[in-house]
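Take a look at the letters that make up each chain.
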Amino acid sequence: MSTVTKQPRKAEKAEEKAPATVFEPSILAFACNWCSYAGADLAGVSRLQYPPNVKLIRVMCSGRVSPIFVLEAFKKGADGVIITGCHIGDCHYQDGNVKAETMFKKLAEVLRVLGVEPERLRLEWISASEGQRFATIMTEFTEKVRKLGPLLSPEQIKAQETGPAESSDLKELVRETGVYQCIECGKCTGGCLMARFNPQVSPRLAMKNFFVSYFSHKQPLKLLSMDEVWYCLTCETCHYHCPAGVDFAKFIVWLRSEAIKLGKTGTPTHGGVMHAMMEFQALGLKQNRLDWVDSSAQVDEKSDTMYYVGCLPYFEPIFTETGAHPLAMARNTLKILNALGIKPSVYEGEVCCGHDLYWTGNIEGFKKLAALNLENIQKTGVKRIIFSCPECFYTYKILYPQFFKTVEVETVHMMQLLDEKIKKGELKLGRLEGKFTFQDPCRLGRLLAIYDEPRRVLKSVKGLDLQCMEEIRKESICCGSTHWVSCSSYTKQLQKYRLGQAVDTGASTLLTACPKCQIHLSCAAKDLKTKMKIQDYTEIIVQAMEQA
Amino acid sequence: MSIQLQATKKQDPPDEETPRIGVFICHCGANIAGFVNVEEAAKYASSLPDVAFVQKNLYTCSETGLREIKTAIKEHKLNRVLVASCTPRTHEPLFKSTCQEAGLNRYLFELVNIREQCSWVHMQDPVRATEKAKQLIRMGVARVALLEPRQEITVEVTRKALVIGGGVAGISAALSIAASNIPVILVEREKELGGLLRDVNKLYPTLGAASELVDEHVKKLQKAPLIKVMTRAKVLNVSGFIGNYKVQIDSAGEQIEDTVGVIVVATGARIMIPNGMYGYDGKNVVMQTELERRLKDGSFSARSVVMIQCVGARVPEREYCSRICCMTAIKNAILIRETYPETEIFVVYRDIQTFGTLYEEDYRRARELGVGFLRYGLAKLPAVDEGGVTVYDELLGKNVRIPYELLVLSAPLVAPEGVTELSKMLKVPLDANGFYLEAHAKLRPVEFATDGVYLCGCARWPCDIGDAVYQGRGSAARALIPLRKGKVYAEPLYAEVNPNVCRDCRRCVESCPYSAITTVEETVHGYQRTVSKVNPVLCKGCGACSVLCPTGAIGMKHYDNTLIMAMIGKAF
Ligand SMILES: Cc1cc2nc3c(=O)[nH]c(=O)nc-3n(C[C@H](O)[C@H](O)[C@H](O)COP(=O)(O)OP(=O)(O)OC[C@H]3O[C@@H](n4cnc5c(N)ncnc54)[C@H](O)[C@@H]3O)c2cc1C
Ligand code: SF4
Ligand code: SF4
Ligand code: SF4
Ligand code: SF4
Ligand code: SF4
Ligand code: SF4
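These protein sequence lines are chains A and B, in that order. All residue numbers for the first sequence refer to the working numbering, where the first residue is 221 and numbers rise by one. All residue numbers for the second sequence refer to the working numbering, where the first residue is 489 and numbers rise by one.
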């Protein structure tokens, strides 16, 4: 019904040919109630004309504009988004606009990496008396965005409207995850990491509730509270404890996909930005995900080995305030690979592996990302993919084959590669004094049984004193969040407990091998004011390399 | 326990009814209809989901228009109303009340602005203006369908005030409040009332005795039975919020607890002691207060006096001007020249700040009386030796040495002891210099952002008595609004924490400009947890905390993410 004409934007092409018809961009403006909205009113009263491309949403304060609003606007068809508020010093709520500015900077960085031109997002201060300024800015902004052309093509927008996800065959699922086999022994609940801190959590009861709902009411979710569906960390500890081999975590993925169909999602952390950013990558825009590659790093576009980076370039701007440095992992990985004589390719067309969307039951979203990645592998013809992120590794290795015809490609995690190369004496490591302890990532550990490699790798650094926490390997404790939902006082207690175990070893640094372990544990350490240093293990390896 | 769910698709209204939305589109004469095809917009509106009724009005805000809304609500059993007309800034309250009169909760109403932000600004392009009006209505419908009924929040106000600080500002505030028949507790930490004025001799610009002024104030206090004065007293603890502050006070060992509706902060200032500066020794090199004491008791005898201004003021560590020192120096210089005409006086200054007509007059008079003024700059500070001050005169371009028998240092007023403690207790901010920070320098100068807490006098920044008095009275006038109403109302647009997903990180607590969020400990199924809680009375609904919360625990009443996301979803 809109008269707006849109030209499709080719995913891989930067410049656009001038469209024949005049392109009418869609602009969404957020205006604070006290200044900018009043400024817009004054423009009206003064009959100051500006293009009708601009639509306004009134919010109480510019500081109320959550990044998710902006991401959602761009996803749904905005070609430009402008946030307006009172001038600094004039905020009706003291300093809401200062908060908006801080948020804006982070958001702009995420959007830039996503491939949204920075000019499409704007922040302006417009007072209640600046009607002319409002009209001028809106006109200018519309013209600027007009020149940029559409962000998404109508097809790209349409493609997001997925119909109801196909219902997985329940019988198949029940068989696959083994829930039928449950003998109600309760060992899952006894071992469940969440149940330790949240007395209402019980995987056994959840299954029971499911069965009764399904068989007596024909509605699988009827008796389940949404907590039961969303608290689970999918750490798979219960699976490991279960004598009947029930895979509860997999089963919960299915329950979640059913819950989503009913419109009941869990509470996403970080304002939902994480999931939105992942879904955004599936739109096929040309991302800017390789800016972090130092000029000294050796990469080779034609290499048959690819380094799969994952979401690190996105985590970086969002989580620096926790003290985590997700991108350091990527830089270090390249350094190590180069030292091993490997010049991998890093690929701008890479998208998120889809791990988090899968575990939150967004199977369609997961499949879109997986398909894009698999297509890329085929296109580039790589033979081997090296992963630094355990979750990406697990997703490629285990989940992709469950949904797609497997692509002929070797997948290796850095820990495996390092282990092999160090054994062969191909990596020279120097001395590094210090007491450390190591956090098993659940995807690498419990889900893939890679326990010995990290220990061998770390112990090969002379002088490095590796201490064991009380619960390790299969018994290892989760970092607190696997897929950005349900972060709470319960997960904080879990993290406190884990950090306590780390402190008890006498180590000064807790080494992580998963970017999320690093982020969540850093966040908790900061919250709890723990002295324990959280560091990615690749930093230690690089330091040891430099000592050689 | 149940996690508050964020509906991605559609949230059922709490009354379990499906929304029946009435859409009223205003012509505003030709103001809207001249540029927007109202007919077409109305047809479009009726095609939207959940819309049960659509009507075009010539003037929706007219008697007829309002009557039509009321009739339609009843006849068509509407449970949501959307008006597409002009700016909500003027007409929203009117339409809300109309809904209320028809028995519909006033928060089940939404206004879409198709005049100021559509017809009036897209006059050249009626086709696209109409298109935009339709889109705005579509967005509004998406929002109004999800709205929930709400009740305005009312809080009873305890008719009693606490004034902290018994200087002229605090006394003035207490007297003004009591004059409205409201009891006041006045807490002074020293033995006597009067504050800084206890150390002052005569007053500019009147030259009356400071002690007289203090006595006069104290007498008035004694005659005010509603004021309970507590000296040598300390506020130990404050909790609660506007209308209901629980306060704990210790007065000379005796502890009392009471409830007050408002709190006025009048804790004044103290003089910075210039230890280690310009040979300060309290004997031949003294502060202005010591000079005032000597003038008062007659022990002054010096035949040459030099005063150095801005000692420790307007320097990088203390950038502000203390405002009273120039006047104090000029006052004392005049007094000396008049009483001891043979005494030579030099004022060594950086800039003379004598604002207003009376003070400028004094400055002129001091010059007439032969007081010497010598300017110095920060680049070359005066050098003091025993018996002389050497000043680099920029005009002469050389050093000038002036002998003295008494050297008087004008040191600035600084924040008194205990401000940090008190500011934490009251949850109000301090500026970089430790003075209390008002809500807005121009718009709300005598109150804090936190409702129910006010400030006046030197607690805010250095001021003279006149300022202290009218700020005291001003803060009292502001405090009397809730005290006399006996009630405060708050719009039900507040933040709410879902305790099941709060991890006690306190980002929200630190970021709320109104100190509306506190942490509470609770036990749920035997599990102890600490979570944040919003006081809906104090919360102003800015929404900053909800954006900052890392776990997504904070929802905004009436402006929740779901509502805004629904609008975004329908914007394109
Ligand atoms: C040397 C000198 C000369 C001056 N001469 C003049 C003049 O001639 N004319 C003029 O107009 N102005 C003059 N002033 C300025 C004048 O003194 C101030 O304007 C006035 O005193 C301000 O009053 P106030 O009530 O704001 O603060 P204050 O006088 O500082 O009173 C604050 C009171 O609060 C009390 N208090 C502080 N903290 C607490 C607490 N936590 N709990 C309880 N009680 C507390 C203090 O003990 C004090 O009694 C002069 C100032 C100085 C220093
Ligand atoms: S996967 Fe982990 S958190 Fe989930 S039920 Fe099993 S043990 Fe508990
Ligand atoms: S451990 Fe396995 S068998 Fe035992 S209750 Fe849990 S799911 Fe059932
Ligand atoms: S632990 Fe911190 S970083 Fe991790 S999800 Fe929770 S709030 Fe976010
Ligand atoms: S409601 Fe607004 S737009 Fe309609 S007639 Fe009244 S002033 Fe005009
Ligand atoms: S919405 Fe604003 S005022 Fe309300 S609690 Fe949050 S930060 Fe404070
Ligand atoms: S910011 Fe969110 S998680 Fe942190 S204390 Fe506040 S409500 Fe809880």
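Derived from the structure by calculation, the hints contain no laboratory data. Don't take each hint at face value.
[Unchecked claim] Simulated restraints, written as ranges between beta carbons of each label pair:
{"id": "1", "chain 1": "A", "residue 1": "SER728", "chain 2": "B", "residue 2": "ARG863", "range": "33 to 41 Å"}
{"id": "2", "chain 1": "B", "residue 1": "GLU805", "chain 2": "A", "residue 2": "SER728", "range": "55 to 63 Å"}
{"id": "3", "chain 1": "B", "residue 1": "LEU918", "chain 2": "A", "residue 2": "SER445", "range": "53 to 61 Å"}
[Unchecked claim] Straight line, CA to CA, 27 Å or less: simulated BS3-like cross-link-like pairs of lysine-lysine:
{"id": "4", "chain 1": "A", "residue 1": "LYS295", "chain 2": "B", "residue 2": "LYS1045"}
{"id": "5", "chain 1": "B", "residue 1": "LYS975", "chain 2": "A", "residue 2": "LYS484"}
{"id": "6", "chain 1": "A", "residue 1": "LYS367", "chain 2": "B", "residue 2": "LYS912"}
{"id": "7", "chain 1": "A", "residue 1": "LYS694", "chain 2": "A", "residue 2": "LYS625"}
{"id": "8", "chain 1": "B", "residue 1": "LYS1058", "chain 2": "A", "residue 2": "LYS378"}
{"id": "9", "chain 1": "A", "residue 1": "LYS484", "chain 2": "B", "residue 2": "LYS544"}
{"id": "10", "chain 1": "B", "residue 1": "LYS1045", "chain 2": "B", "residue 2": "LYS648"}
{"id": "11", "chain 1": "A", "residue 1": "LYS625", "chain 2": "A", "residue 2": "LYS391"}
{"id": "12", "chain 1": "A", "residue 1": "LYS378", "chain 2": "B", "residue 2": "LYS648"}
{"id": "13", "chain 1": "B", "residue 1": "LYS531", "chain 2": "A", "residue 2": "LYS484"}
{"id": "14", "chain 1": "A", "residue 1": "LYS295", "chain 2": "B", "residue 2": "LYS1058"}
{"id": "15", "chain 1": "A", "residue 1": "LYS428", "chain 2": "A", "residue 2": "LYS470"}
{"id": "16", "chain 1": "B", "residue 1": "LYS975", "chain 2": "A", "residue 2": "LYS296"}
{"id": "17", "chain 1": "B", "residue 1": "LYS1058", "chain 2": "A", "residue 2": "LYS481"}
{"id": "18", "chain 1": "A", "residue 1": "LYS746", "chain 2": "B", "residue 2": "LYS912"}
{"id": "19", "chain 1": "B", "residue 1": "LYS912", "chain 2": "A", "residue 2": "LYS749"}
{"id": "20", "chain 1": "B", "residue 1": "LYS565", "chain 2": "A", "residue 2": "LYS481"}
{"id": "21", "chain 1": "B", "residue 1": "LYS690", "chain 2": "A", "residue 2": "LYS296"}
{"id": "22", "chain 1": "B", "residue 1": "LYS1021", "chain 2": "A", "residue 2": "LYS746"}
{"id": "23", "chain 1": "A", "residue 1": "LYS470", "chain 2": "A", "residue 2": "LYS522"}
{"id": "24", "chain 1": "A", "residue 1": "LYS555", "chain 2": "A", "residue 2": "LYS481"}
{"id": "25", "chain 1": "B", "residue 1": "LYS1021", "chain 2": "A", "residue 2": "LYS296"}
{"id": "26", "chain 1": "A", "residue 1": "LYS749", "chain 2": "B", "residue 2": "LYS648"}
{"id": "27", "chain 1": "A", "residue 1": "LYS364", "chain 2": "B", "residue 2": "LYS1058"}
{"id": "28", "chain 1": "A", "residue 1": "LYS716", "chain 2": "B", "residue 2": "LYS1021"}
It should be emphasised that the depicted structure is a prediction, and the values quoted were computed from it without experimental measurement. For every residue, glycine included, the Cβ atom is placed at its ideal position computed from N, Cα and C.
Tell me if the beta carbons of GLU805(B) and SER728(A) are separated by a distance inside 55 to 63 Å. violated (38 Å)
Verify the proposed pairing of LYS364(A) with LYS1058(B), using a straight-line Cα cut of 27 Å. Roughly 24 Å between the alpha carbons, so the hint for LYS364(A) and LYS1058(B) holds.
Taken at face value, is the distance from the CA of LYS296(A) to the CA of LYS690(B) at most 27 Å? Violated, at roughly 73 Å.
Holds or violated: 33 to 41 Å for the Cβ distance of SER728(A) and ARG863(B)? violated (59 Å)
For LEU918(B) and SER445(A), compare the CB-CB distance with the range 53 to 61 Å and indicate the outcome. violated (46 Å)
Under the criterion that the straight-line Cα-Cα distance not exceed 27 Å, is the pair LYS295(A), LYS1045(B) satisfied? Given pair LYS295(A), LYS1045(B) holds - Cα atoms ~25 Å apart, limit 27 Å.
Run the distance test for LYS975(B) versus LYS484(A): straight-line Cα separation, threshold 27 Å. Cα-Cα ~40 Å, so violated.
Hinted pair LYS694(A) and LYS625(A), Cα distance within 27 Å: violated (30 Å)
Taken at face value, is the distance from the CA of LYS912(B) to the CA of LYS746(A) at most 27 Å? holds (23 Å)
CA of LYS1058(B) to CA of LYS378(A), is that 27 Å or under? Roughly 14 Å separates the two Cα atoms, so the pair holds.
Proposed proximity, LYS296(A) with LYS1021(B) (alpha carbon, max 27 Å): Since the Cα atoms of LYS1021(B) and LYS296(A) sit roughly 34 Å apart, the hinted pair is violated (cutoff 27 Å).
Please verify whether LYS484(A) and LYS544(B) have alpha carbons no more than 27 Å apart. violated (37 Å)
Violated hints, listed in ascending order, are 1, 2, 3, 5, 6, 7, 9, 10, 12, 13, 16, 20, 21, 23, 24, 25 and 26; each of the other numbered hints is respected by the structure.
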